[in-house]
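*Asks:* As a plain string of letters, each chain reads:
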Amino acid sequence: EAQVTQNPRYLITVTGKKLTVTCSQNMNHEYMSWYRQDPGLGLRQIYYSMNVEVTDKGDVPEGYKVSRKEKRNFPLILESPSPNQTSLYFCASSLRAVDSYNSPLHFGNGTRLTVT
Amino acid sequence: GNSVTQMEGPVTLSEEAFLTINCTYTATGYPSLFWYVQYPGEGLQLLLKATKADDKGSNKGFEATYRKETTSFHLEKGSVQVSDSAVYFCALQGNTGNQFYFGTGTSLTVIP
Chain A
1 EAQVTQNPRY LITVTGKKLT VTCSQNMNHE YMSWYRQDPG LGLRQIYYSM
51 NVEVTDKGDV PEGYKVSRKE KRNFPLILES PSPNQTSLYF CASSLRAVDS
101 YNSPLHFGNG TRLTVT
Chain B
1 GNSVTQMEGP VTLSEEAFLT INCTYTATGY PSLFWYVQYP GEGLQLLLKA
51 TKADDKGSNK GFEATYRKET TSFHLEKGSV QVSDSAVYFC ALQGNTGNQF
101 YFGTGTSLTV IP
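Taken in order, these protein sequences are the chains called A and B. With this note's numbering, the residue at position 38 of the first sequence is 38, and numbering never jumps. With this note's numbering, the residue at position 105 of the second sequence is 105, and numbering never jumps.
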């Protein structure tokens, strides 16, 4: 089954303790991206990747890191989490972003992160 | 810059009522426009899309027309069902193709 898999689904951590949220897709997609969803703000793009070893900042990259060493994986790293990073996070992928008309974004089911 | 504004919710309708969710956008150039739907506990799924002025996207009885003159992409459905209860997001893809901008989402509840 074609899917985007995020882990974990729920995560509670403390300020400053490094964490990684994993994202994996099995569709051979070139493009992957991370979003955070907050009430009243909708989804905001954190980082995106056009292909292996090609990443760039979205609208809200501060406090986050990403890497794209393999095509299928795009982990989100919070090196020193803070309470304002408490949010619902989504990973998404598409075959090629520039061809989104024929290749829509496929989303994972989300990771709810709480930083205390 | 690019941005999307959609009507505040929540919206509650009776089954078979007409639905409109307003969406307007600000963008440079000619963005592609989308509606995504999010069911409880799930990620977003593409509902419909349009890439140029006057295009009409449609799917599952939902429709939206890309109106460049009013910079709008309103979502409509003639007769909603209980199963349509979800959160709906309007989105645009920026000119570079790499960045996507989403509205704040509109929660729809359809009651029998």
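These aren't lab readings, by the way, just hints derived from the structure by calculation. Ideal Cβ placement from N, Cα and C applies to all residues, glycine included. Take these hints with a grain of salt, some might be off.
Taking lysine-lysine and the BS3-like style, the derived pairs with C-alpha atoms no more than 30 Å apart in a straight line are [as the list claims (entries may be wrong)]:
1) A:K57 to B:K52
2) A:K57 to B:K60
3) A:K65 to A:K18
Partial pick of chain B residues on the chain A-facing surface, computed with a CB cut under 10 Å [as the list claims (entries may be wrong)]:
4) G41
5) L46
6) A91
Computed spacing ranges between beta-carbons, pair by pair [what the hints assert, rightly or not]:
7) B:E15 to A:E1: 29 to 35 Å
8) B:E69 to A:E1: 41 to 47 Å
9) B:S79 to A:M27: 30 to 36 Å
10) A:L95 to B:K68: 37 to 43 Å
11) A:K69 to B:G1: 27 to 33 Å
*Asks:* A separate judgement is required for each hint: does it hold in the structure or not?
*Replies:* Here's how the hints hold up against the structure:
About 27 Å separates the Cα atoms of A:K57 and B:K52, which keeps this hinted pair within 30 Å; it holds. Between A:K57 and B:K60, the direct Cα distance comes to roughly 35 Å. Violation of the 30 Å bound is thereby established for this hinted pair. Between A:K65 and A:K18 the CA atoms are separated by roughly 11 Å; this keeps the pair inside 30 Å, and the hint holds. The closest approach between the C-beta of B:G41 and any C-beta of chain A is roughly 7 Å, which is under the 10 Å cut-off, so the hint is satisfied.
Annotation: interface hint on B:L46 holds; nearest CB of chain A at approximately 4 Å, less than 10 Å. At a threshold of 10 Å, the smallest CB-CB gap from B:A91 to chain A is about 8 Å, leaving the interface hint in force. At about 31 Å, the CB distance of B:E15 to A:E1 agrees with the hint of 29 to 35 Å. At about 42 Å, the CB distance of B:E69 to A:E1 agrees with the hint of 41 to 47 Å.
At roughly 34 Å, the beta-carbon separation of B:S79 and A:M27 lies within the given 30 to 36 Å, and the hint holds. Take A:L95 and B:K68: their Cβ atoms lie about 27 Å apart, and the range 37 to 43 Å is violated. The supplied range of 27 to 33 Å is met by A:K69 and B:G1, whose beta-carbon atoms lie about 31 Å from each other.
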